[in-house]
Structures are given as structure tokens and as C-alpha cells.
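Chain A is fixed; fit chains B, C and D onto it per the hints.
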Amino acid sequence: MLRYMARRLLILLLSLFVAAIVLFVLLRLLPGDPANALVGVGATPEQIAAAQAQIGSDQPLAVQFVTYLGDLARFDLGKSFVSRAPVIEEISRRLSVTLPLTLAAFLLSMLIAIPLGILAAVKSERWYGLLLSVVSQVGIAVPVFWLGVLLVYVFALNLRLLPSGGFPLRGYGDPARAVTSMVLPVLTIALIMSASLMRYVRAATLEVLGSDFLRTARALGESRTGALMRHGLRNAAVPVISVLGIELSTTFLGAVVVEQVFSLPGMGSMLLLGIQQRDYPNIQGVLIISTLLVLLTGFLADLLQRVLDPRLRKEARR
Amino acid sequence: MSAEQTDNLTETSGRRRSRGNATYWLGLLLVGVIVLAGLISFVWTPYALSDMVGGRLEAPSLQHWAGTDRLGRDLFTQLMIGARIALIVGCGAVVIGAAIGVTTGLLAAFATRFLDDALAAVFDILIAFPTLLIAMLVVAAREEASLGTAILALGIGLSPIVGRITRILTKQVLGQDYITAARVSGTSWGAIVFWHILPNIAPFLGVNLALQFGLAVMAEASLSYLGLGAPPPNASWGRMLQEAQGTVYTAPWGAILPGLALFALVIGINLLADGLRDRFDPTKGAA
Amino acid sequence: MSLMTVENVGFSYGTGRKVLEDISFSVPKGANVGLVGESGSGKSTLLRLLLGLDSPQSGRILFDGAPLQARDRAYMRGYRKRVQAVFQDPYSSLNPAHRIRRIVTEPLRSLKVPGDHLAMAREAITSVGLTEDTLERFPHQFSGGQRQRIAIARAIVARPELVLADEAVSALDLSTRVRVVDLFREISERMTMIFVSHDMGVVAALCDQLIVLDRGRIVEAGETAAILRDPQHSYTKSLLASIPRMPEGA
Amino acid sequence: MSDLLTVRDLRLSTPDKVLVQDLSFSIAAGERFGLIGESGSGKSLTSLAVTGLLAPGLRAEGSVELAGTQVIGAPERRLVGLRGNAVATVFQEPLTALDPLMPLGRQIAGPVRRRLKREGAETSGAAVRAEVMALLEQVRMPDPARLIGAYPHEVSGGQRQRVAIAMALACRPRLLIADEPTTALDVTTQAEIVRLITSLVDELGIALLFISHDLAVVGQVAERVMVMRHGRAVESGPALQVLTQPQDDYTRNLVAAARRFDAALEGQG
Chain A
22 MLRYMARRLL ILLLSLFVAA IVLFVLLRLL PGDPANALVG VGATPEQIAA
72 AQAQIGSDQP LAVQFVTYLG DLARFDLGKS FVSRAPVIEE ISRRLSVTLP
122 LTLAAFLLSM LIAIPLGILA AVKSERWYGL LLSVVSQVGI AVPVFWLGVL
172 LVYVFALNLR LLPSGGFPLR GYGDPARAVT SMVLPVLTIA LIMSASLMRY
222 VRAATLEVLG SDFLRTARAL GESRTGALMR HGLRNAAVPV ISVLGIELST
272 TFLGAVVVEQ VFSLPGMGSM LLLGIQQRDY PNIQGVLIIS TLLVLLTGFL
322 ADLLQRVLDP RLRKEARR
Chain B
13 MSAEQTDNLT ETSGRRRSRG NATYWLGLLL VGVIVLAGLI SFVWTPYALS
63 DMVGGRLEAP SLQHWAGTDR LGRDLFTQLM IGARIALIVG CGAVVIGAAI
113 GVTTGLLAAF ATRFLDDALA AVFDILIAFP TLLIAMLVVA AREEASLGTA
163 ILALGIGLSP IVGRITRILT KQVLGQDYIT AARVSGTSWG AIVFWHILPN
213 IAPFLGVNLA LQFGLAVMAE ASLSYLGLGA PPPNASWGRM LQEAQGTVYT
263 APWGAILPGL ALFALVIGIN LLADGLRDRF DPTKGAA
Chain C
91 MSLMTVENVG FSYGTGRKVL EDISFSVPKG ANVGLVGESG SGKSTLLRLL
141 LGLDSPQSGR ILFDGAPLQA RDRAYMRGYR KRVQAVFQDP YSSLNPAHRI
191 RRIVTEPLRS LKVPGDHLAM AREAITSVGL TEDTLERFPH QFSGGQRQRI
241 AIARAIVARP ELVLADEAVS ALDLSTRVRV VDLFREISER MTMIFVSHDM
291 GVVAALCDQL IVLDRGRIVE AGETAAILRD PQHSYTKSLL ASIPRMPEGA
Chain D
-12 MSDLLTVRDL RLSTPDKVLV QDLSFSIAAG ERFGLIGESG SGKSLTSLAV
38 TGLLAPGLRA EGSVELAGTQ VIGAPERRLV GLRGNAVATV FQEPLTALDP
88 LMPLGRQIAG PVRRRLKREG AETSGAAVRA EVMALLEQVR MPDPARLIGA
138 YPHEVSGGQR QRVAIAMALA CRPRLLIADE PTTALDVTTQ AEIVRLITSL
188 VDELGIALLF ISHDLAVVGQ VAERVMVMRH GRAVESGPAL QVLTQPQDDY
238 TRNLVAAARR FDAALEGQG
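Chains as they are written, first to last, in the working numbering: chain A, 22 to 339; chain B, 13 to 299; chain C, 91 to 340; chain D, -12 to 256.
The shape of chain A in the complex, shown without the other chains (with noise of 0.2 Å):
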């Protein structure tokens, strides 16, 4: 197992490496200098080339890739072109606000997805099974931004119950306003999450009802639940982990729809602003960092399908 989670935890560096160069080629291979986006349109030849000599894109390539894997190792970002702060200052304050939202959204997605699913397997020939398979059916083609607009629409400005958008000025020092101002947008998330995931809860869960070992524990005398106690939900969990792990990735990166309708200052706005500003360090910072956490995310729900699983902990031995 620690051999495995040695080579594992190589191959993610190996990939973030891959990724940081893709990156650093993605990046120089954009239409124009990023110089030019740094001084804006009608600046003269000077004040270009003294933003070039700022940035260093003045520099050969292999110099500017060499000093760009130098600073990523020392978790230097570098500056962002319009607010000349330190692209990781700006990012660790827009991942308080991101990395909160898509957690508190992930487990309120889990607690009613995981329930709901496993019920909707076990009854599916009564009503209320099939009414949640529809439920969660209908819930996965409903866009996101549609839901939290609704949301707002309600609770916001006709109940008046929660603020329609916004993040206060000073963040958690400011704990109500902070806490209620999550409430929307983690409930769009969640419910929009929940829906697909009871679907694969649902479908996992149903896999085992069908399976062999559970027929023979009934055959031996166990009931129907407790069958589905004892055996079933450990194995339905080994494939309901990968897509948890991916549906936690696809959250925080998707955040960003979230952020824009709920007008929240997290990384995906950040990404936004980014794009729209051409402001690359931004741009790379964000992904950098985003990837990083995507494969942290992978390498962890690897780990625990191997603690549930011992026939993947035997290939890995091969």
C-alpha cells in the first residue's frame, strides 16, 4: 500500500509537471505578447518594450521556461498584470470563498444523494422509488444559473428570507453576513450535484440488489436490508467513489457559473476576469492550482476504493 502510494503520489507530480508545461505552451502559443495585453491598445513602442522587459517575455523561450518551472517549484505565481499583486495572495482569498462553497455544497449533495439514491434502488418497483429516479432524471438537465436565478427570485427578493448575491467586503470577519450569503449559492449547487449523483448512487445500488453474493446471503437466511447492510454497500461504494471524485472536481472548476449569478469572488471569477483582462498570470495561477487540487482529488477517491476494494490492492501488487 505504501509502495503504491509512493508511485502514486509520483505520477501526480508527474502530471502537474505535464500540465505546467502544456500550460507555459498553451500560453506563448496565444495570439500576440502578453506585453501588449499588460500596457493596452495605443501604447508606444517604449512603454511595450519596457512592460516586455518587466514580464520577461523579452527573454528567449528556454529562459522564460526555465525561470517559469523555477518560480512554480518556489510556489511563486508571479504578479498579475492589472492589480500587480502576487497572483497566490489573490488566490488563496478567492479559495476561501470557492473551497467552502463546493465542500459544504459536496456533502449536502452526499446527504441527500446517498439516501435517496439507495431508496429509489431498493423500492424501485413502488411509486415514490420510481417518483425519485424521475426527481433525479428531471434534476440533471436543469441548468444551474436557471436554478439559482429561481432560487434568488424566491427566497431573495420575494420572501426576503436571504440576500439575492454578493460576499461581504470583509470576508469571515463578517461571519453572518458571510454564512448567509453561501446559503443560495450552495444549495444550487447541491441540489443540481444531488441529482446526478443519486442517479449513479441509484444505479450502483441497484448492480448490487442484482448481484450473486447478495442472493446467497438471502438464500442463507438474511433479510433483504440486512443483506444490503452487511454486503451491499460497501460494494456499491467502490463505484460510487470515482464519480464522487470527479463530480468534486467538476464542481469547484464549475463553480464559476455559481460565482457570476450569486456575484461571489471566487476562483472561477477570478478565471472570468482573467480571460476578459488577458491577465495571464491569473489565467495560469488559477489553473495551475485548480489542476493540482483535481488530481489531489483523484489520487485521494484512488486511495480509498483500494482501502475498500482488496482486488485493485492485488493488481497494484503485479
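If you are wondering where the hints come from, they were derived from the structure by calculation, not from laboratory data. Any given hint might turn out to be false.
What the hints assert, rightly or not - These stretches of chain B come out as covered by chain A in the derived footprint (C-beta under 8 Å, 3 or more residues): (1) 101 to 114; (2) 128 to 139; (3) 259 to 267.
Glycine included, C-beta positions come from ideal geometry on N, C-alpha and C.
This is chains B, C and D only, laid out in the frame that chain A set:
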């Protein structure tokens, strides 16, 4: 040879099959209505797209079936054009996504173990990046937003999903005895791909591509919502929603209707795909 | 005159345990050889080597006096014309998307055999006991035994000299199995055959010669009748003793 | 009626198709009964109907009386009480019939604990463990101490089937159903498992319902047999009589086919 008859025992009861058929027809109806609206928009719309033909934020009425926006433009016209754009972007993105995805997926399935592992890992990592995010980056890389950029961006965004499913399906077919039998019959790999693999993965791939179409339409709306989609004079449900968001309290229909249209198209496609999957399922005896 | 000769062949997947070790035997022209072994004996791997789907890591395989060149396309085309195969699973060995006509004529097309392919397919399909209208239907319309007959028609349509069969009757019900074994028996009178199976009874009913494999090695080989009468190796003895027999009449 | 199991006019059907009909047979306590049939004969469905484990889409009619309880139409709660107590089943494929994620010892411990509770005996960890070890000895498992911690994929097919038998015996049932228990195994392993099952049911006085497509194997195990085809019984009677002097055409055909391979083995092919 009556003793050789085999009973294929499926647990599907008649009731379940008819339920599957009902959802299939519902899906067909929803998609059909939107496709029709999109097609009609080429020859007729109630008003011109950007003409200010009514008062501001008018509620739905006989003159303006879906009301008007804050500049007094007809929303039903925008919805119809929006359907057209959604369908064009969805189809274009699926074609591009399939072209890239099927090629790389087949490549991975046939490659040496090392290349296959590497490509599989790339698919797995890229799948964790939502289609929307990949599309955003492609838009960022192109200098200006246009319909073509949006299609290209979403197509690239879809390709890892298609690649992954193609690889898995191909590997399943490659494990079948009829592939070995074809090799023993002297059939070349090219002919095996064309005659044995593609016909057998096509039904499943087709169903999957239908689902990807829904995903692409959804991502296009998100892209437009974020202001990175096809620019005016193209109408897009995503941008309509974004524009109506500020006035949702006074004129909720402006935000509700485009979202509803998008929802109907996506769920229609999903139902249709489910129905098709049931029809193609070889265990149910249909070929 | 030996048609197929295997000399000291060894094989293993990846870096794992040896699947086959030091396998040597020869198949005379016109012979009907049974390769018997339980799961893990390496019999299926050996068959893949004989079909040129994999290459042995040590030793060599001679076909008609010349080495089998699995990587030489031109050579393999000639080889495939002369060597065909029938596989185990009647459900997965026929492409479900094709008509039987297409399936049976595939070797003719792929190997560019001259002549009227449809006429040859008709002849092959009737010679396995099916009617000509079979050709216009799809695999899912047939039972397991009928499908296996179709697979046999495909194997013999190009008139090969050697047919290899991999557990070709194991998936069939008893009453069907008897009839398909009879069909194989009939075919073996026209060409050389290597029949791989775990079922000693089937091989005994079908093959004149017998090779017994255990864990990647040949433990016994010779005339079928002689081995059945007087098995030498302890594995063959226990194998024969384990086979359940019908009770004798009271 | 002293019969442990009585099946009368059993009919199993889906909405589109009748799978089993007009089926009647009975098994006395301690008797070894064989059910012979090729694929699609409905023999496995019959065994599932006896334990009330049919898939939800299947409709069962007629009467199945097991240890004095009517199975057909019985509520699930009563069936749970019956399974394990009156009847236990060993299935065909031991790899999928065991939970892949649970060590073998714990899988056997499940039914052991249920039975101890039922009998009002002590259910401490030590008592259960001792019983598990005793069962593994009983099914002649080599090196039981090691196998307790092993997972199904880590042991051979024959050993997996021994574990499945141990689990069934752990229930101390009055009827053991063995549904093609040796079909997935090699011949040499098959012979061992067949011997094991016959000697154990005799030793413990358990009735056996042995289901197989293999006439010779059934002949070794059963005292009485029934032959099924397309969901109907075509012939039944003492095993020796049916297998040596079959009356029905279909059975005659089957017996002749089996005898042909036997004869080939004797060098008379």
C-alpha cells in the same frame, strides 16, 4: 433442432417496456418542438430580432407571446433564434467532439500498452475538467468570440468524454471472439475497425453522443451566460437569462422562459437517448 | 509427413509465471489430435500461438516444414488460407451486426480467394447441416448449436488443410453437443484437425491422438485408445478417474 | 405428509411467457433428489421458487410447501425465517456468489451467528470463530486458519465452493439445494466437491435437491431424479431406473448421448 432453443430470460416486464416507450415519445415531442421552432426561425419570426417593437418589460400577451425585454424587443423571437443557435452549436460541437474523441479513443484502444495507459490517464484527468471550463480556455485563446469559436470550444471540451467512452467500448468489442475469428479469417486491422468495431460500438456511441449533445447545449448556454458565447446578433438562451437576471423581480418571465426552453431541450434529449438505448439493447432481441 | 511441428515452445505473459514450457509435438497430415487440459493448463495460449495470434518466446513452430512467421503479413495471408479456427462461445464468435452470408464469406473476401463466394458459402452452409436461407438471416435468430455450425461453415469455406477448434462444443447442451461432435468427426475426415478441450469424453469420441497438458507442460501424448486403456502419468490417471460415469444397468 | 418439500402444480411465468408449468414433486426428509435439465429447462427457476427468491417480474402459482409452510404468496418476513432454518442453497458460480470485499471467515460467520441466535446459544466472537473453524474442517478445507482472512479472489474455485458449502451448512438446514454446484469447476475438483456434498448430507441427515445438466454427476449423487424440459417434467423415478431404462424419448436421447461419451472413454468410440 428444437432442443437447441435457448430461453433468454429478461426481467423486463411488459409494463416497464411501455413506460420506456412513453418517455421516448415525450423526449421526441420536446426535442421535435424545439427543432421545429429553430427551423421556422430561418423563414419566419414574429418580429425582427433586434427591433424595439414594444414597451419595456411587457408581460406575455397576444402581441408578444413571451413578453418583451428591457429594451422592448420581442422575447418569443429571441427564444426561436435561441433554439436555432442552441441546435447549431450542439450539433457542431458533437461533430467536432466525436471527430476528435472517436479518433483518439480508437487510437488508445489499439495502441501499445504504454500509449494506451497514457491516453487513458489523460482522458481521466481531462474528464475532471468540466466541458465549460475547457471551452472557456479555448475562447480565451481565440482573439474574439464568435459562433464558430463557441462551437470549436465546446467540441474540444466534449472530446475527452467521447474519447474515453470510445476507448472502453472498443476494448469491449476487441475482447469478443468474432474479432479473433476475423483475424484468423485474414481480415486486416483496417477492415476490422470498419466492419466489426464501428458497427458494434455505433449504437452505444450514438446514445452517448446524444447525451453529449445535451451537455454541449447546456455548456453553450453557460458560456453565453458568462458573456463568452456567440456575440449579438446571435440570440442565445444563456445570454437572454443573463440579461433578464437584473429585472427578475419585476419581469420574471424573461428569466424563466429561456431557462425552461433549455431545460426542455436537455431533458428531451436525455429521454430520447434512454429510449434509444432500450431499443438498441441487444438483450431485448432487436438488432 | 508432419503438417504442424511444435519445437520446445515456451511462453509467458508479461513478466509473470510461465504459461507454457518446453512444448514439443507434431501433427501429421490428416491426423485428428486432441489437446486436453484443465483451466490454467495453457491450452488456449498454445492455440493462439498455433494461430499466429501471438509468438512464442522460445522454441519455434513449423508449418509444412517452414517456420510460422506471425509478423510477416504476406506469409500469414497464405497461412490463413490453409489454417482456420472455430472458437468456444457461439454467442460472441459471430458479429451480431452482420448477416450470416457476410460472416461465412469473410475469409473468402479477406484472403481474396477467387471464385463465386456466394456459391461457396451455400456449399459450406449446407455441408454443416443448415439450409441455404440461413445465409440471409442474423446471428441472434439462431440457437447456440446452430451458431456453432455457422462458425464451422466459416472455418471450412476457404477449404483449409488444418482446422483448430478451441473448446468448440463446451458451451453446448448435451444433446446438441453429440450432433456437433458428429459434424466435427465428419469434417476431420476431410482435413487435419487440432481439437482443444477440457472434456476428455468429447476428445475421446473425436480424436485419434491425444496430448495431455498440465500447468503448461505436456505430461502425456500418444494414441487416444492407448492412453485411455493404460494412462502412464499420474495426472492423466487422476483426470480419467475423476470423470463421472453413467451408472450401469441393474 | 412426512415430506419435507412438496411442490404441486407449480407454474412460473412472466407477462409474456410461461417458463415452468404443471410441475409436481416431493422430497422426503434426508432424501437426495436430482433435477436434470438442459439450459432453458426451468430447473434453476424451480429451485428459486422453492426458496421464494424469484426475480420480482416473475409470477409463481401453485403450491410449494416447505417444512409445513406455504412458500408461494408468503410474506417476505416468513420466508426469511424459512431460509437458513429449513433450506440453504449453494449456487453455481462460487466467485460471484461470495462477497468480493469480505474476508471468507467473516462471510461464514454471518449465517453461523444467525443460527446460534436462533438456537439461543452464545454468540460471542470466540464462539462464532470456533464454529467457523469447525465448519472449515468439516468441508475439508486445507489450512483453515489462513483462509479465514483471505478474500474470495485469493483462493481457488474449488476452495471457494467449499466456503459456499460451509456457509450453507452453517445454517444447519433440513434441505440443501445445490444448483449446478460443480459446473464452473474442473473435473478433478468436481469429483471432490460431489463426494463432499454427498458424504456431508448423509452424515448430517440433510435432504438434498441437486440440480445439474450433467446426468452422470446426478447419477452419482441422487437416489431419485426428475428430468425437465421446456419447463415441464418429462420423466421421474429412481435414479438408476431413469438413467438406465429411460421411458421418455427425450430422456432416452440424453442418456444415449451421455453414454456415447462414456463409451468413448472406455475406448469404444
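Cross-check of the supplied hints:
1. With 0 residues carrying a beta carbon less than 8 Å from a beta carbon of chain A, the stretch 101 to 114 of chain B misses the three-residue requirement, and the given coverage is violated.
2. With a cut-off of 8 Å between beta carbons, the stretch 128 to 139 of chain B has 4 residues touching chain A; three or more are needed, and the interface restraint holds.
3. For the stretch 259 to 267 of chain B, the assignment as covered by chain A holds, since 4 residues bring a beta-carbon within under 8 Å of that chain's beta-carbons and 3 suffice.
Consistency note: the structure conflicts with earlier hint 1 alone.
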